[in-house]
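Heads up: the protein sequence lines correspond to chains R and S, in order.
If you read the first sequence in the numbering used here, its first letter stands for residue 143, the second for the next number, and so on.
If you read the second sequence in the numbering used here, its first letter stands for residue 143, the second for the next number, and so on.
These aren't lab readings, by the way, just hints derived from the structure by calculation.
Be careful, since some hints might not be right.
A pair holds if it fits inside one copy or across any two, identical chains being indistinguishable in the list.
[What the hints assert, rightly or not] With a straight-line cut-off of 20 Å between C-alpha atoms, the simulated EDC-like cross-links for lysine to aspartate or glutamate are:
hint	residue 1	residue 2
1	Lys488	Glu456
2	Lys252	Glu265
3	Lys365	Glu456
4	Lys198	Asp460
5	Lys488	Glu473
6	Lys203	Glu186
7	Lys168	Asp243
8	Lys252	Glu420
9	Lys368	Asp175
10	Lys246	Glu456
11	Lys203	Glu265
12	Lys203	Asp175
Since this is a predicted model, take the numbers as computed values, not measurements.
Protein chains: 2
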Amino acid sequence: GEENKEEIEELLHYMRVVNAFKGYRKSCLRQLDRCEENFRKLPESHQRMLPAHLRKIEDAKVCVDVNAALINEITSYCSNMFENRQYKELENYTVKHTSFDLDKVKSTLKQIVRDWSADGARERDLCYQPIIDEILVRKPPNTDEVNSVSVLVPGCGLGRLAWEFARRGYFSQGNEFSFYMLFTSHFIINRTQGDNETDFHQYTVHPWVDQRCNNLSWDHAVKAVKFPDVNPGVLAYKNRFSIAAGDFLDIYTQADSWDSVATCYFIDTAHNVISYIERIYHILKSGGVWVNLGPLLYHFYGISNEPSVELSYEEVLDVVEKVGFRIKKNEFLTGMYTSNPESMLKYEYTCAFLVAEKP
Amino acid sequence: GEENKEEIEELLHYMRVVNAFKGYRKSCLRQLDRCEENFRKLPESHQRMLPAHLRKIEDAKVCVDVNAALINEITSYCSNMFENRQYKELENYTVKHTSFDLDKVKSTLKQIVRDWSADGARERDLCYQPIIDEILVRKPPNTDEVNSVSVLVPGCGLGRLAWEFARRGYFSQGNEFSFYMLFTSHFIINRTQGDNETDFHQYTVHPWVDQRCNNLSWDHAVKAVKFPDVNPGVLAYKNRFSIAAGDFLDIYTQADSWDSVATCYFIDTAHNVISYIERIYHILKSGGVWVNLGPLLYHFYGISNEPSVELSYEEVLDVVEKVGFRIKKNEFLTGMYTSNPESMLKYEYTCAFLVAEKP
Numbered sequence: 143g144e145e146n147k148e149e150i151e152e153l154l155h156y157m158r159v160v161n162a163f164k165g166y167r168k169s170c171l172r173q174l175d176r177c178e179e180n181f182r183k184l185p186e187s188h189q190r191m192l193p194a195h196l197r198k199i200e201d202a203k204v205c206v207d208v209n210a211a212l213i214n215e216i217t218s219y220c221s222n223m224f225e226n227r228q229y230k231e232l233e234n235y236t237v238k239h240t241s242f243d244l245d246k247v248k249s250t251l252k253q254i255v256r257d258w259s260a261d262g263a264r265e266r267d268l269c270y271q272p273i274i275d276e277i278l279v280r281k282p283p284n285t286d287e288v289n290s291v292s293v294l295v296p297g298c299g300l301g302r303l304a305w306e307f308a309r310r311g312y313f314s315q316g317n318e319f320s321f322y323m324l325f326t327s328h329f330i331i332n333r334t335q336g337d338n339e340t341d342f343h344q345y346t347v348h349p350w351v352d353q354r355c356n357n358l359s360w361d362h363a364v365k366a367v368k369f370p371d372v373n374p375g376v377l378a379y380k381n382r383f384s385i386a387a388g389d390f391l392d393i394y395t396q397a398d399s400w401d402s403v404a405t406c407y408f409i410d411t412a413h414n415v416i417s418y419i420e421r422i423y424h425i426l427k428s429g430g431v432w433v434n435l436g437p438l439l440y441h442f443y444g445i446s447n448e449p450s451v452e453l454s455y456e457e458v459l460d461v462v463e464k465v466g467f468r469i470k471k472n473e474f475l476t477g478m479y480t481s482n483p484e485s486m487l488k489y490e491y492t493c494a495f496l497v498a499e500k501p
Numbered sequence: 143g144e145e146n147k148e149e150i151e152e153l154l155h156y157m158r159v160v161n162a163f164k165g166y167r168k169s170c171l172r173q174l175d176r177c178e179e180n181f182r183k184l185p186e187s188h189q190r191m192l193p194a195h196l197r198k199i200e201d202a203k204v205c206v207d208v209n210a211a212l213i214n215e216i217t218s219y220c221s222n223m224f225e226n227r228q229y230k231e232l233e234n235y236t237v238k239h240t241s242f243d244l245d246k247v248k249s250t251l252k253q254i255v256r257d258w259s260a261d262g263a264r265e266r267d268l269c270y271q272p273i274i275d276e277i278l279v280r281k282p283p284n285t286d287e288v289n290s291v292s293v294l295v296p297g298c299g300l301g302r303l304a305w306e307f308a309r310r311g312y313f314s315q316g317n318e319f320s321f322y323m324l325f326t327s328h329f330i331i332n333r334t335q336g337d338n339e340t341d342f343h344q345y346t347v348h349p350w351v352d353q354r355c356n357n358l359s360w361d362h363a364v365k366a367v368k369f370p371d372v373n374p375g376v377l378a379y380k381n382r383f384s385i386a387a388g389d390f391l392d393i394y395t396q397a398d399s400w401d402s403v404a405t406c407y408f409i410d411t412a413h414n415v416i417s418y419i420e421r422i423y424h425i426l427k428s429g430g431v432w433v434n435l436g437p438l439l440y441h442f443y444g445i446s447n448e449p450s451v452e453l454s455y456e457e458v459l460d461v462v463e464k465v466g467f468r469i470k471k472n473e474f475l476t477g478m479y480t481s482n483p484e485s486m487l488k489y490e491y492t493c494a495f496l497v498a499e500k501p
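Okay, chain R solo, but in the shape it has when bound (with noise of 0.2 Å):
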């Protein structure tokens, strides 16, 4: 049946992004490999002019080799994430992951250093920051149990948003449909739970290693990151944080049940953007906000056989209303996301940052 079908497509993928985790260090030892090759194949006066740059790759690969260990450790990690046992048993066979697969898990090592470093600091004051004190003040935590005002992160990635909203009195559910941030995230909320300082900052990762464009030195590449750079761990009500699995329209779908939606580079990933927002409309209570912040790179935008509609903001905004929102604030923030500070190339984002209320 239908439902069983389904249940073996997720199957797949899940296996087809353990599968991309395990084949990380292989591919980019390979990409390493052909850059020793090719430089080696330069003339020798030409190679003599650098006689550093063999021991760079060799720097660089050894950089890898630390990514594939902490990959190693979150699929590792995982493995208890699910309860369904059917997981578990099809790990040792594998689907064919492709280089669109291998960027994705890339593109996670990179999220970890916006998500939960100390260098990431930056990225989260501008996009974080905003959606956060907005929320604090138009629905201010209550740390009495039955008063708790809500929070619902639809695409939390990494989870630090919804964490950031638990930590500050608030019962926050963060939801994501990606296996890479979900396994990431696990691994990263889950595992730091000690409550010594040294439960921090315990874990390495190399973002740029696999970055050799627009690089003004070789040590930008090879840069290593701490993290996390708090102790997710520590909560002071911990059972009002959680983390769902899942596809944001298959999971909520109870009218009038949250005070508040913050999303935060999300409403892009729809492959029809006004389903979003009729949802987010939906399940907030009356009085409930929605604060969004976010360019518009539409996730299916190009891909064939996904259905995609790309409006543009202005109607965007148009739906935002006819829905029934009231917009309370509708400015421009400047984002960034995933951005390597030290590259000769950056990704700037005009964000729409959106305040809009259920009457």
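Chain R is fixed; fit chain S onto it per the hints.
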């Protein structure tokens, strides 16, 4: 023989480029048709929220037609471009183009804005002006024919920077490898020949019509840009300006022949950037100046079967000195490349700005 093989390869490449230009309209319209289909598949209630959406897609189709008519003019005009008769005879044959080739066509249209429109003035001020200023001071032009001062602009794209030097009285030659660029610059520079105000601003391009992400408004996607903003035919010393087609390393072999070399977003197009640096040194006269501005977005990075050596900028500087140059200036400037000023996503480059002298 080897020479014949090269000739055939060039011919096939030429035909593929012509074919890609010709395929632009169909490909873009197909994408807009898909937009339309996806919108029509939305629930009735969603479609009703955006009564103008389908009309906006129709507007975009009109823009694609305008671009296609321009492309048709460009390719028709360029059948006279080469003296080699073979090109003309084989124009009715087609060589299959890829989506990669179509992207080149789309970026060529954006390049028109960068080089030959008033909208590109900001980009040109950031990228070309520092180079022009530096060469004006270090190698001032001389209107006297016998003592003319020469500038070579390898990777000149659509030729604006080379033209700016010619306009200031230099003996200026642009060099370009890409047929996409060569066709288009040939059209703009040679077709706009009149001396009247009407001879510029006479063509229209819709540079952003293929981008449906990160639009604040559909108006931005369908924006019309007039060009050229100057009359390229108006030059006091016409015989001092030329554009040479071909590979930089193949064409420029004569030692001590140029007063200055200006490279803008060029050195990273090399298979081996060391060869470029050596060659620039070789062709400069003693006392000659090389001014470079750009990032290190290596052109052949990650392309299989294409050798690529990706040096960091530190290593580039090391090579520059080892080759024999004296570094006179080593700074960083913000630059952009065919940036859509209205888009919610911008690419910002930290460009190396280097002035080096051959002793």
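Taking the hints in turn, this is what the structure says about them:
Proximity of Lys488 to Glu456 under the C-alpha cut-off of 20 Å is restricted to the inter-copy arrangement: shortest distance 19 Å between copies versus 26 Å within a copy. Taking the shortest Cα distances, Lys252 and Glu265 sit within 20 Å of each other inside one copy (12 Å), while across copies they are farther apart (30 Å). Only between protomers do Lys365 and Glu456 lie at most 20 Å apart by alpha-carbon distance; the minimum there is 16 Å, versus 41 Å within a single protomer. With identical chains, the CA atoms of Lys198 and Asp460 are at most 20 Å apart between copies only, with a shortest distance of 15 Å across copies and 53 Å within one.
Taking identical chains as interchangeable, the C-alpha atoms of Lys488 and Glu473 lie at most 20 Å apart only when they sit on different chains, with a minimum of 18 Å there against 22 Å within one chain. In this assembly of identical chains, the alpha carbons of Lys203 and Glu186 never lie at most 20 Å apart, being 24 Å within a copy and 55 Å across copies at closest. Proximity of Lys168 to Asp243 under the C-alpha cut-off of 20 Å is restricted to the intra-copy arrangement: shortest distance 14 Å within a copy versus 30 Å between copies. For a Cα distance limit of 20 Å, the shortest separation of Lys252 from Glu420 qualifies neither inside one copy, at 32 Å, nor across copies, at 36 Å.
Proximity of Lys368 to Asp175 under the C-alpha cut-off of 20 Å is found in neither arrangement, the shortest distances being 27 Å within a copy and 48 Å between copies. Taking the closest pair of Cα atoms, Lys246 and Glu456 never come within 20 Å of each other, the shortest separation being 30 Å inside a single copy and 30 Å across copies. Taking the closest pair of Cα atoms, Lys203 and Glu265 never come within 20 Å of each other, the shortest separation being 28 Å inside a single copy and 38 Å across copies. When the C-alpha separation of Lys203 and Asp175 is checked against a cutoff of 20 Å, the pair qualifies only within one copy, where the shortest distance is 9 Å, while the shortest distance between copies is 46 Å.
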